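*Asks:* With the hints as extra help, turn the sequences into a complete structure.
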Amino acid sequence: MIRKQIDRRTLLGGAASLAAAASLCNCGLGNSARAAEGAQSVLPSLAPAAPKLEPVNFQLKGPDGTTLALSSLRGRPFILHLWATWCPPCRLELPALNAFIEKIGASIPVIPVAVASPLPKVMIFLAQGNLPHIAPWTLGQHEFSQWFTSGEPSLPMTCVIDSQGRLRAGVEGEMAWSAPDSQDSFEKILSGLQASKPA
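What the sequence shown shows, in the numbering used here, is residues 3 to 201, in sequence order.
In case anyone wonders, no lab produced these hints; they're calculated from the structure.
All values reported here derive from a predicted model rather than from experimental measurement.
C-beta: ideal position from N, C-alpha, C; glycine also.
Each hint can be trusted.
For lysine to aspartate or glutamate, the following EDC-like pairs were computed, each having C-alpha atoms within a straight-line distance of at most 16 Å: (1) K123 - D66; (2) K105 - E189; (3) K105 - D183; (4) K105 - D186; (5) K63 - E145.
So the derived label-pair ranges between C-beta atoms look like this: (6) P122 - A49: 34 to 40 Å; (7) Q196 - A101: 22 to 28 Å; (8) Q130 - S180: 20 to 26 Å.
*Replies:* Pasting the structure below:
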């Protein structure tokens, strides 16, 4: 299976820890080869639903000891994109995400995060792949599983986080970042969340 939309049953099905890093990834040569044609369109796959899980409070690690607390982004919805260096579908998707971020600038906040991937390896991977617009933020597997307590997701995963830091929608698998309507779709989703009252 290339992609799987995260619905209420998936998210609220009960707590489970991630058994191993490889279990996060829908990786395999067959999946990787079909990734482009299996990419999920933005709407309706990321249409916001009721808040799920606890507010995201990751402390991301970056180069030279830099950190980013996602709690510092409260007040503005954003897109959280989770990937890994060891995930073939992630590697196939990243060039399109890199081009999307380059095109839209800061108008649509997208936070890419490499899960269970050592920072030195992430930086080498991004440099070799000529992906200058993918920020090298990293997150440990344990920290991720402490938040995502609803089973073992597959990477890549794109999440819509509201202004209170809560997961409102998520899709496992590749997103169609290069689709003509992708920017308008993300802007519509995030502006709708910005305008809505806290649930």
